[in-house]
Amino acid sequence: MNLRALLVIVALLSVAPIASARDARSEAKEQVEFGIKVAQNGLWKEAAYRWEKAVQLDPTYAAAWNNLAIAYEQQGDFEKAAKAYENAVKIDPDNLMIRQNYDLFKEINDRTKRRRDR
Amino acid sequence: MTARSVAAIASLALCGTLACTNFYEIPIETPIQPKMDVSAFQRVLVAGFIGGGTDDVDANLETVRLLRSQLRSKSGLRVIEAEALPLAQIAAKQVQESNGTSATPSAEGSADGQPAPVQQLPGGDNQIRNEKDLERYQGIFADVEFWKRLGEEYQNPLIVTGTVLFTPHQSSGMVIEQRETYDQFGRRVVRPVRTYMERKGFILTPKFIFIDGRTGATLYSEQFREEVLYNVQTNTPALSSYFELMDKLIPSFLNALSTQKVRGTRILLK
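Same order as they appear, the protein sequences are chains A and B.
Numbered per my numbering, the first sequence spans residues 1 to 118.
Numbered per my numbering, the second sequence spans residues 1001 to 1270.
The hints are simulated quantities; they were obtained by calculation from the structure and are not laboratory data.
One or more hints might be untrue.
Footprint (simulated), chain B over chain A, 3 or more residues, beta carbon under 8 Å [stated by the list, open to error]: (1) 65-77; (2) 91-102.
With a Cα cut of at most 25 Å, we get these calculated SDA-like pairs of lysine to any residue [to be verified]: (3) B:Lys1270 / A:Ala82; (4) B:Lys1200 / B:Ile1267; (5) B:Lys1270 / A:Ile91; (6) B:Lys1248 / B:Gly1076; (7) A:Lys45 / B:Thr1167; (8) A:Lys83 / B:Lys1270; (9) A:Lys106 / B:Ile1267; (10) A:Lys106 / A:Leu96; (11) A:Lys53 / B:Ile1267; (12) B:Lys1207 / A:Thr112; (13) A:Lys83 / B:Glu1222; (14) A:Lys45 / B:Gln1033; (15) A:Lys80 / B:Gln1260; (16) B:Lys1248 / A:Lys53; (17) B:Lys1035 / A:Gly76; (18) B:Lys1261 / A:Gln75; (19) B:Lys1132 / B:Gly1076; (20) A:Lys106 / B:Thr1259; (21) A:Lys106 / B:Glu1222.
Derived contacts from chain B toward chain A, CB cut-off under 10 Å, selection only [claimed, not checked]: (22) Asn1022; (23) Thr1265; (24) Arg1266; (25) Ile1267.
Here the structure is a predicted model, which means the values were calculated and not measured.
The beta-carbon is built from N, C-alpha and C at its ideal position, and this holds for glycine as well.
Next up, chain A with everything else stripped away, as it sits in the complex (with noise of 0.2 Å):
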């Protein structure tokens, strides 16, 4: 094998990783666009399976939790809902949709949680 040959894959493996990352990334958008979509639409037991999917080949995708926490709350499972808020939360702290959406569930989840107590 020549030089050049073994330079070219060092260089293919070291690009892999993130090719294949970018690649996680684009599938998980895909999910997530079509979630949205089903979701405007009112089907939010498929918008969820969407980004349920999302979330499983990009963990860090910040905006498919967020979503997947909406599709909990709307469907009235509050404990995965709050778990999903608080991994967009982590990815993502600045985010300021993020954070209202999560305020606004949190206020319910409260009242909820109080009626319960009593």
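Given chain A's structure and the hints, the job is docking chain B onto it.
Structure of chain B alone, referenced to chain A:
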């Protein structure tokens, strides 16, 4: 403006509205699970309340009417139409009897199935002014036999009862008022201004108690507190204030029996 700059602005605007939109506001309905399992009941009897506070509103009668109409339209239970129990008087009679006389408290009905009317007693409804006055009558809610008998009369429904205190309230102090002014260019500006104000209104403190008509046992109870204050010059009828405050509590009351949905909006992100 050249054709190129027009195209650039148009494409930017299009990008802003379509392709580059990374968020979507979406309406959601968050379901809140009921606090009680009422699957064993098909019918509900809003029996009556120990009412007190102001004489301007019959807290017992108004609460019975309001809860019945809400349950009729927003729950799956069939609402039993019956005379509202004069619960304060029944409870006062119980207190009087337990303090001396031998007669037992009774929910015995007349021939038409209605509870026997109880005469107005000193220390009854019109004497309940605050929570301390109410405490004297609370014993009736623990009287399992009383509620069981009432349940039997109406074929074992879910019984809704409790206390409703609707008291006038006055407050004075500094408040933030939005004051409208106009600047030198004649534009309207609204500024918050701290001002001393005398206000009056009402405090509503209902306690809803849900009783199993089969056993007479309390299944669930919940107390609320809401208040409203108006400018002292505003003349708001007591009944309007009562409904204004009750409107805030009704969703929580209904949520004891049935799933309620909280409407809101969230932002989906790309």
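The hints, checked one at a time:
1. Coverage of the stretch 65-77 of chain A by chain B holds in this model, with 7 residues showing a Cβ closer than 8 Å to a Cβ of that chain against a need of three.
2. Residues of the stretch 91-102 of chain A lying with their CB closer than 8 Å to a CB of chain B number 5, which satisfies the three-residue condition for coverage.
3. Distance check on the hinted pair: Lys1270 (chain B) and Ala82 (chain A) sit about 20 Å apart at the alpha-carbon level, within 25 Å; holds.
4. Taking the CA atoms of Lys1200 (chain B) and Ile1267 (chain B), the gap is near 40 Å; set against the 25 Å cutoff, the hint is violated.
5. Pair hint Lys1270 (chain B) plus Ile91 (chain A) holds up; C-alpha atoms about 15 Å apart against a cutoff of 25 Å.
6. The hinted pair formed by Lys1248 (chain B) and Gly1076 (chain B) meets the criterion: a straight-line CA distance of about 21 Å does not exceed 25 Å.
7. With a CA separation close to 48 Å, the supplied pair Lys45 (chain A) and Thr1167 (chain B) exceeds the 25 Å bound.
8. Restraint check for Lys83 (chain A) and Lys1270 (chain B): the C-alpha separation of about 19 Å stays at or below 25 Å, so the hint holds.
9. Among the hinted pairs, Lys106 (chain A) with Ile1267 (chain B) is consistent with the structure: their alpha-carbon atoms are about 15 Å apart, no more than 25 Å.
10. Taking the CA atoms of Lys106 (chain A) and Leu96 (chain A), the gap is about 15 Å. The hint holds against a cut of 25 Å.
11. Straight-line distance between C-alpha atoms of Lys53 (chain A) and Ile1267 (chain B) comes to about 19 Å, which keeps the hinted pair within the 25 Å bound.
12. Taking the CA atoms of Lys1207 (chain B) and Thr112 (chain A), the gap is near 18 Å; set against the 25 Å cutoff, the hint holds.
13. With a C-alpha separation of about 29 Å, the suggested pairing of Lys83 (chain A) with Glu1222 (chain B) is violated against the 25 Å cut-off.
14. About 18 Å separates the Cα atoms of Lys45 (chain A) and Gln1033 (chain B), which keeps this hinted pair within 25 Å; it holds.
15. For the proposed pair Lys80 (chain A) and Gln1260 (chain B), the alpha carbon gap of about 19 Å is at most 25 Å, so the pair holds.
16. For the hint linking Lys1248 (chain B) to Lys53 (chain A), the alpha-carbon distance of about 40 Å lies beyond 25 Å, and the restraint is violated.
17. This hinted pair checks out: Lys1035 (chain B) and Gly76 (chain A) have alpha carbons roughly 14 Å apart, not beyond 25 Å.
18. Restraint check: the Cα-Cα separation between Lys1261 (chain B) and Gln75 (chain A) comes to about 11 Å, which is no more than 25 Å; the hinted pair holds.
19. Of the supplied pair hints, the one linking Lys1132 (chain B) and Gly1076 (chain B) is violated, its CA atoms being roughly 36 Å apart against a limit of 25 Å.
20. Taken as a hint, the Lys106 (chain A) and Thr1259 (chain B) pair is honoured in the structure, with Cα atoms around 19 Å apart against an allowance of 25 Å.
21. With a C-alpha separation of about 22 Å, the suggested pair Lys106 (chain A) and Glu1222 (chain B) falls inside the 25 Å cut-off, and the hint holds.
22. Hint status for Asn1022 (chain B): holds, given a least beta-carbon distance of 8 Å to chain A, under 10 Å.
23. The beta carbon of Thr1265 (chain B) is positioned within 10 Å of a beta carbon in chain A (closest approach about 8 Å), and the interface hint is therefore held.
24. The closest approach between the C-beta of Arg1266 (chain B) and any C-beta of chain A is roughly 5 Å, which is under the 10 Å cut-off, so the hint is satisfied.
25. A distance limit of 10 Å between C-beta atoms decides the matter here; for Ile1267 (chain B) the minimum to chain A is near 5 Å, and the interface restraint holds.
Of the numbered hints stated above, those contradicted by the structure are hints 4, 7, 13, 16, 19, listed in ascending order.
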